[in-house]
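S.K.: Chain by chain, the residues run as shown.
There are 2 protein chains.
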Amino acid sequence: MILVNGIAADSVAASDRGLNYGDGVFRTITMRRGKVLHWPLHLTKLRADCLRLDIACPSDNALAPDIAAVARATPDCVVKIIVTRGAGLRGYALPAHASPTRIVIASPLAANSQVVSGVHLHLCALRLSHQPALAGIKHLNRLENVLARAEWGDASVAEGLLCDQDGNAIGGTMSNLFIVERGTMATPDLTRCGVAGVTRQRVMQIAQRNGLRCAIENIPLQRVYDADELFLVNSVIGLWPVARLVHQSWVPGAVTADVKRWLEEDDAAAA
Amino acid sequence: MILVNGIAADSVAASDRGLNYGDGVFRTITMRRGKVLHWPLHLTKLRADCLRLDIACPSDNALAPDIAAVARATPDCVVKIIVTRGAGLRGYALPAHASPTRIVIASPLAANSQVVSGVHLHLCALRLSHQPALAGIKHLNRLENVLARAEWGDASVAEGLLCDQDGNAIGGTMSNLFIVERGTMATPDLTRCGVAGVTRQRVMQIAQRNGLRCAIENIPLQRVYDADELFLVNSVIGLWPVARLVHQSWVPGAVTADVKRWLEEDDAAAA
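The listed protein sequences correspond, in order, to chains A and B.
Position 169 (the first sequence) corresponds to 168 in numbering that gives the first Met the number 0; numbering is contiguous.
Position 213 (the second sequence) corresponds to 212 in numbering that gives the first Met the number 0; numbering is contiguous.
Everything labelled a hint here was simulated from the structure, so no lab data went into it.
For glycine and all other residues, C-beta sits at the position ideal for the given N, C-alpha and C.
Hints may contain errors.
Label-pair distances were calculated between CB atoms; the ranges are [unchecked claim]:
1) B:Asp59 / A:Ala72: 41 to 51 Å
2) B:Asn209 / A:Thr43: 52 to 62 Å
3) B:Ser58 / A:Leu108: 33 to 43 Å
4) B:Leu108 / A:Ala214: 53 to 63 Å
5) A:Asn209 / B:Asp153: 47 to 57 Å
6) B:Asp227 / A:Asp9: 47 to 57 Å
7) A:Arg212 / B:Asp9: 51 to 61 Å
8) A:Glu216 / B:Pro219: 27 to 37 Å
To be clear about the criterion: a stretch of chain A counts as covered by chain B if any three or more of its residues have a C-beta under 8 Å from a C-beta of chain B, and this derived list gives those stretches [claimed, not checked]:
9) 11–23
10) 71–81
11) 89–95
12) 99–106
13) 129–142
14) 162–176
Extracted from the complex, chain A is given alone in its bound form (with noise of 0.2 Å):
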């Protein structure tokens, strides 16, 4: 199923800025029996990104019968919001009165969600490049994404591992890292690249609340070789224990364990 503006369709107009530019954000969400898991945070996080980019964010009004006709469709899925600046026509001026588009795009639940005994990492030769003006914000310009996850082809490695030009780690091409080292916890400064997710926002809250503490800073590709344990986010699959990063191996450790079972808790209590 999709929805373009709220009508069943399966185009968007040609001039739309979204084709032209990337000129929008997304989300990509969890669905199940009918319910987005965690909407306010995705909401409030669709509504950050579109005011990065002063992109008038459609309303919870909008959204929400959207939302209703997903789920009366296809009550486990996953969502994917997309919210453009709008058709425009040909140039980069912002239009004087731009009407954003608002796509919704419903998708088959990955079969590979539930992963126990941890994934395979690909290390990505390309760097991600350094542009705070967009950092953070999950929008439509994705060729860094598509160019790393281009790297691989083997199906027994579930992601790349993305580090910036200074070498420092990032994320993955669809999910943010977190790594453990002695007990606490670090995931990388996303203020000059990367997507700053939902789930790793989530992951930050919940280790909080439980007391565990978790560091915001440049993690240089060494001290994820060197960490005890690390894992991987996104709202769809969850958390994926990391079990190899090229020669470097890991067994699903404690602390990721108790992260897995605080946010399936949390999924739970949202659900």
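Given chain A, put chain B in place with the hints provided.
M.R.: What follows is chain B alone, placed relative to chain A:
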């Protein structure tokens, strides 16, 4: 007029990777009396950009009928050609059998394409990020250009000058930059950011034919202020002399006038 894969249409699949990820490239070209100016150069650039992203570029046999249809409907116009990787399932991984989407959009010719006295430039606060994997390509990830263009609203300012993170001038938001110093030219090195346009390439070739030296190198912003002349080029505006950047003024100079005349002679020969 809009053609999508050769068929008159005004929309593109919501699942198109051009919309979802900016996974595609484009060209913006002047058509006069039904003829696309410098088509062989544009087709070569379109192919080169597609190759960089591993997108199968539509053949000239596919594009020629599209362009002929536009020529019949609007013989004097701006033709925008977008090529995306095509529709795909959710996720960054390249589709196993991608079928590229080609979109041809005709727009009115800009009224201000003949500037003689020189344009005023805004100095953009946004700094372009360094991404060698994407530098030079006219791809659909153009949020930096959108944000830069949104920095000014004054209609008397025609373009914005963009620098990179190191403070080197890179070009306009929609144009390439040349500076003139003691009778020789220089244009920014675009191996880390920026778009290497066809008219930039034409200027360099024409300069060489006429014995005018043109260096490709890093150009710190101060060198732009200190230059004897500067001008901007693209395939729609042709050549714009620069009359003002912040508090610095220039009168259109002799080298700029030479290059402008050579470009116009070359256009006339191509038309």
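S.K.: Each hint should be assessed against the structure and marked as holding or not.
M.R.: Against the structure, the hints:
{"no.": "1", "hint": "B:Asp59 / A:Ala72: 41 to 51 Å", "in the structure": "holds (43 Å)"}
{"no.": "2", "hint": "B:Asn209 / A:Thr43: 52 to 62 Å", "in the structure": "holds (59 Å)"}
{"no.": "3", "hint": "B:Ser58 / A:Leu108: 33 to 43 Å", "in the structure": "holds (39 Å)"}
{"no.": "4", "hint": "B:Leu108 / A:Ala214: 53 to 63 Å", "in the structure": "holds (56 Å)"}
{"no.": "5", "hint": "A:Asn209 / B:Asp153: 47 to 57 Å", "in the structure": "holds (53 Å)"}
{"no.": "6", "hint": "B:Asp227 / A:Asp9: 47 to 57 Å", "in the structure": "holds (56 Å)"}
{"no.": "7", "hint": "A:Arg212 / B:Asp9: 51 to 61 Å", "in the structure": "holds (54 Å)"}
{"no.": "8", "hint": "A:Glu216 / B:Pro219: 27 to 37 Å", "in the structure": "holds (32 Å)"}
{"no.": "9", "hint": "11–23", "in the structure": "holds (count 12)"}
{"no.": "10", "hint": "71–81", "in the structure": "holds (count 3)"}
{"no.": "11", "hint": "89–95", "in the structure": "holds (count 5)"}
{"no.": "12", "hint": "99–106", "in the structure": "holds (count 3)"}
{"no.": "13", "hint": "129–142", "in the structure": "holds (count 9)"}
{"no.": "14", "hint": "162–176", "in the structure": "holds (count 3)"}
Of the numbered hints listed earlier, not one is contradicted by the structure.
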